[in-house]
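Quick mapping for you: the protein sequence lines, in order, are chains Y and E.
Just so we're on the same page, the numbering used here is the position in the first sequence counted from 1, plus 227.
Just so we're on the same page, the numbering used here is the position in the second sequence counted from 1, plus 8.
Source of the hints: derived by calculation from the structure; they are not laboratory data.
Please note that the accuracy of each hint is not assured.
Quick list of in silico lysine-lysine cross-link-like pairs, DSS-like style, CA-CA up to 27 Å [said to hold, decoys possible]:
#1 Y/Lys495 to Y/Lys389
#2 E/Lys193 to Y/Lys243
#3 E/Lys195 to E/Lys180
#4 Y/Lys495 to E/Lys27
#5 Y/Lys389 to Y/Lys494
#6 E/Lys195 to Y/Lys243
#7 E/Lys27 to Y/Lys243
#8 Y/Lys494 to E/Lys27
#9 E/Lys193 to E/Lys180
Next come the chains, spelled out residue by residue.
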Amino acid sequence: MAPPESSSPLPRTWRKPPFIANPLVRYGLLALLVVYLVWAFGTLPFNWQRIAEGLPRAASIFGGGFPPSFQRMELMLTGFKESFQIAILATLLGVLLSIPFAVMAARNIAPLPVYLFGRAVIIVSRSFHPVIVAILFVAAVGFGPLAGILTLTLYSIGFVGKLLAEEIEEIDWGQVEAMRAAGAGFLATLFYAVFPQILPRQVGLSMYQLDSNLRASAVVGIVGAGGIGGTLMNAFGRYDYDFAFAILLVIIAVILLSEGFSGWVRKKIW
Amino acid sequence: MVDHAQHLADRVWQRYDRKERLVRYALLLITVMLVVWAVRDIDIFWPWVWDAPNQISNLGGRMWPPDPSRLGEIVSALIETVHIATLATMLTIFIALPVSYIAAQNTTPNRACLWLGRFILVASRSVNTIIWALLFVAIFGPGVLAGILAIMCRSVGFIGKLMGEAIEEIDKRPVEAMQATGAGKAKVIAYAIVPQVMPAFFAIVILRWDINIRESTVLGLVGAGGIGVILQGAIDTFAWPTVATILIAIVILVLIGEALTSLLRRRVL
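With these hints in hand, go ahead and build the complete structure from the sequences.
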């Protein structure tokens, strides 16, 4: 018996199945994208004349920036030293303060009102970019490294607190139950059943945060909160592009070094 | 024999051996010394430190209650902020994808390209968005273009690095199968690589968009457009109730962005 004839022959060429199967959704999304682009480009105020002047200006800036000048080494060293100090102190304060907030924001050990308060603190301190916080602290306590330390402390509480709270929520509950069965109070349970489980993670996070604070301390200086950022901003403001580029190069080098170092330490711990 | 048993019973359990303890104490000592050095050497006027809580609560008092009179202006600046973040993220994709392609071990054409790709990624990630913005404001003048370029320059490193890692982790058998049938390079990319990295791509771009919304709120502080311009203006004129409104608006925007990204991520992955 002959094989049954297929009524419609298979197509000769293969086509890739589209990413979104429904053509209505597919073209709808595309149309939405186009409408968005037109709207966004239409509303954004571009100053075309100023932009057109940009290329020669870029040439003059980069021309002024090369070769980078390392002549005012002392000024640069002072700035970096201050950035380091800000980063160290803010990391220490932030990591210490993050522990109570993390305990408050862990659903498994905190009662609901305390939990909500802890979460709110963490969410608010994470919503603001450190530069905005730095401006507020500069307005409150004046120019200088103090504003930078306060800013980065808050920033560290938000980040370390969030991750630490998640870590506490995932601990092995058996040890807590054992402590409670033995009649231990809340603090004893915290110290002997919870903290030993999160300590390695906390040390790793602290190293990460130190690295991250060092990066951030370079930018909070731009709004006057101390450190190398202020030196950089001044160099830009005075059209000292060769000095500014030298600072940028050293910032990149320092960040790569600190990233390598904190990565190495974390690998040793974890 | 009894002696030996007694000796064993007298031993005290210790978590770390002698060398480990020495290393731990040494690290602690170094940390303490660093902190002491930082506290003593830093250029802080200490009376200000004790006064800081007063000053901060004073500032908080001046901000309360928030003044909603410029809400319309604030909302349109927020929309501009979102536009900057979205356009910059979209434009970044076109640069980040080729860079990630040459920066991935298994797809790079040659070693020179590999190192060029890695250099671009490292340089982009080491310079903060604000510093990029400073540079572009100096070149193109204040405005949204400087902001978009600044966010692009920073995002290329982020998206490129993560995409490069995603490409390095693909299953290479589909690639080999395609090559065995005699497919050209473009077809191998389109049919063997792209489908494998597609989910990672959407996850990475959505994550970066979320980060970029936060970053674009501060671009205005150096003159690169968005809500930061109004914020800076309000701070310069000591309009603290307006500052409070802007800060609340930023928190709401960031929370909306976070909700939207978690929704998108669930739909895509």
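Here is what the structure says about each hint:
1. Y/Lys495 to Y/Lys389: Given that 27 Å is the threshold and the Cα spacing comes to 23 Å, the pair holds.
2. E/Lys193 to Y/Lys243: Holds. E/Lys193 to Y/Lys243 sits at ~17 Å (cutoff 27 Å).
3. E/Lys195 to E/Lys180: holds (15 Å)
4. Y/Lys495 to E/Lys27: Between Y/Lys495 and E/Lys27 the Cα gap is close to 15 Å, so the pair holds against 27 Å.
5. Y/Lys389 to Y/Lys494: holds (21 Å)
6. E/Lys195 to Y/Lys243: holds (11 Å)
7. E/Lys27 to Y/Lys243: violated (62 Å)
8. Y/Lys494 to E/Lys27: holds (19 Å)
9. E/Lys193 to E/Lys180: holds (14 Å)
Checked against the numbered hints above, the structure violates only hint 7.
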